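**Q** Given chain C's structure and the hints, the job is docking chain G onto it.
What follows is the residue order along each chain.
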Amino acid sequence: MSSLVYFLKQSIQGFARNLSTTLGSIITIFLSLFIIGLFLVGALVIDNIVKSVENEVSITAYVKDGAKEKDLEKVQEFIKGLDGVSSVSFTTKDEALEEFRNMSSNADIVEELGGNPLPASINIELSNPQQVQEVATEIQNSKLFAKVADDKDPAKSLKYGQRTVERLFQVTNYLRYGGIVLIGLLVFIALVFINNTIRLAIMARRKEIAIMRLVGASNGFIRGPFLMEGALHAIIGAALAIGCIELVRRFALPQLQSSLAFLPIGVESRMFIIIYLVLLAAGLVIGLIGSAFAMRRYLKV
Amino acid sequence: MTEATNHGARSAELSMALPVLEPEDMPQQGAPVISFDRVSKVYPAQPNRPALDNISLQIYPGEFVFLVGHSGSGKSTLVRLIIRELRPTSGTITIANEDLNSMRNWRVPYLRRNIGCVFQDFKLLPNKTVFDNVAFALEVIGKSRSIVRTQVPEVLRLVGLQDKLDKMPDQLSGGEAQRVSIARAIVNRPPLLVCDEPTGNLDPQTSRGIMDLLERINRTGTTVLVATHDREMVDNMRRRVIALERGHLTRDQQRGVYGFDV
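From first to last, the protein sequence lines stand for chains C and G. Here the first sequence is numbered in the numbering used here, starting from 92 and rising by one per residue. Here the second sequence is numbered in the numbering used here, starting from 276 and rising by one per residue.
What the hints contain is simulated information worked out from the structure, not anything from laboratory work. Since the structure is predicted, the reported quantities are computational estimates derived from the model, not experimental observations. Glycine residues also receive a C-beta, built at the ideal position from the N, C-alpha and C atoms. Heads up, none of these hints are tricks.
Computed cross-link-like contacts, DSS-like style, restricted to lysine-lysine with a CA-CA straight-line distance of at most 27 Å:
1. C/Lys184 / C/Lys238
2. G/Lys398 / G/Lys442
3. C/Lys250 / C/Lys142
4. G/Lys418 / G/Lys398
5. C/Lys298 / G/Lys418
6. C/Lys155 / C/Lys247
7. C/Lys171 / C/Lys250
8. C/Lys234 / C/Lys165
9. G/Lys439 / G/Lys403
10. C/Lys298 / G/Lys398
11. G/Lys442 / C/Lys298
12. G/Lys439 / C/Lys298
13. G/Lys442 / G/Lys403
14. C/Lys184 / C/Lys247
15. G/Lys442 / C/Lys100
16. C/Lys234 / C/Lys159
17. G/Lys403 / C/Lys100
18. C/Lys165 / C/Lys243
19. C/Lys250 / C/Lys184
20. C/Lys100 / C/Lys298
21. C/Lys100 / G/Lys418
22. G/Lys418 / G/Lys442
23. C/Lys238 / C/Lys161
24. C/Lys243 / C/Lys184
25. G/Lys403 / C/Lys298
26. C/Lys171 / C/Lys142
27. C/Lys100 / G/Lys398
From the derived model, a few chain G residues whose C-beta atoms are all more than 12 Å from chain C:
28. Asn329
29. Leu375
30. Thr404
31. Thr425
32. Gly435
33. Lys442
34. Asn476
35. Gly496
Just chain C, same shape as in the assembly (with noise of 0.2 Å):
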């Protein structure tokens, strides 16, 4: 205990030594532990967004003008007995151009053409989304469909969001990778400062450490203040990180929240809790990874 006090007093002690230095690996251990915690919060979003993009994934047939009302129902029918398919409605003709009228900017194209040449439609909602490729299978392959289909090749009458998914999915990998890489990056930068911060307050300490070996000091009561001191480093960075992201939370979510409200990014407490506890593992990891590597090397007991 009284040298664990001991070990505290001759930590400070550095700070005050090399206070330029001692910043120095503050600020970079706050940066990547701040970098880390927004592209975790940002994770935690993307993962909200693509989960209710996720939600809205539907399949639509296409059906071909004329096509039987007897085949349309059993076709209705057998999609709905498929599995993973939560709810199955028909779009008319006219519904489509109805659709097509408000969704357009300049409806008027279709006068122009005359008659409406929109096709009829079964909507499908799947219950699972990542059955989407199944179901349109199935959905291709059967016969009864392709009495229905608008084309004659069944496949280019289905539509569904299977690719629009799959490209968020590129793009958040790719982001990730990016951070992964930027990440990597920053924690190497801050065990470089680290591992400067405490080679200088080792070699400040240079005649103390030879009369404490010299006596008979035990290599931990030796290494004890330096381990302390890159804690402490860590453990202040990880602080004005946490500090930092809690601001985020507080005045620039709802602020984005607001500006895309068509889009889910709330993001629960709790998951915060574990963010910040995250970040100050990872600060106090590198604090004292970086602290021991430079004892490994200018400390040799």
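**A** Frame of chain C, contents of chain G only:
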């Protein structure tokens, strides 16, 4: 608590007239404190010229031994081998029945707690007072504050610096600084005190004072090994002399003299 009272008794005894023991009264029995068995040390920089060549010697508890030789004869190497700052190229060194070759690294600090060390350059911390310099040696081996408060003034009284507790090292004369470093070496009451050129930086009169102090410490039962090239001192004191010449042990003599022609 018992340690403190023990200690009090011991220092009272010290401050009284000590019983004078003649060198031949010194017991040469029991297990040796230091034992070298065919020890050689070759530095990588000089592979053809061993710093120590096939040295065997025994030093028994309570002895006062001079280690003499010119510069470069291997005195300092021998001292550094004893505190395991260096490891021998071949041969075995045994300190208090412990083989330094097979000793684990983490045990080394505990070995050093049993060996007081004094060097030519004092090795005092310039930003600490005399008291703090001596207290430091106790603090870093985890002694409690009450032990520090009782033992430090006592040992400083023993070396005659009871009035200089609050002085900084740069306010001390060379002799006083060396007394502080001796105080630091013995404050933990090691059974063995090793001095490497303790009077190398001091004038003859001050050196005599230091040697008297070392002799007094020896009379309390501490084994003392002094590496020196101070001819006058060795010749006056007539203690056991071990002479080294270019890494060879050339002479080991009870009540010896310095004996080199310089």
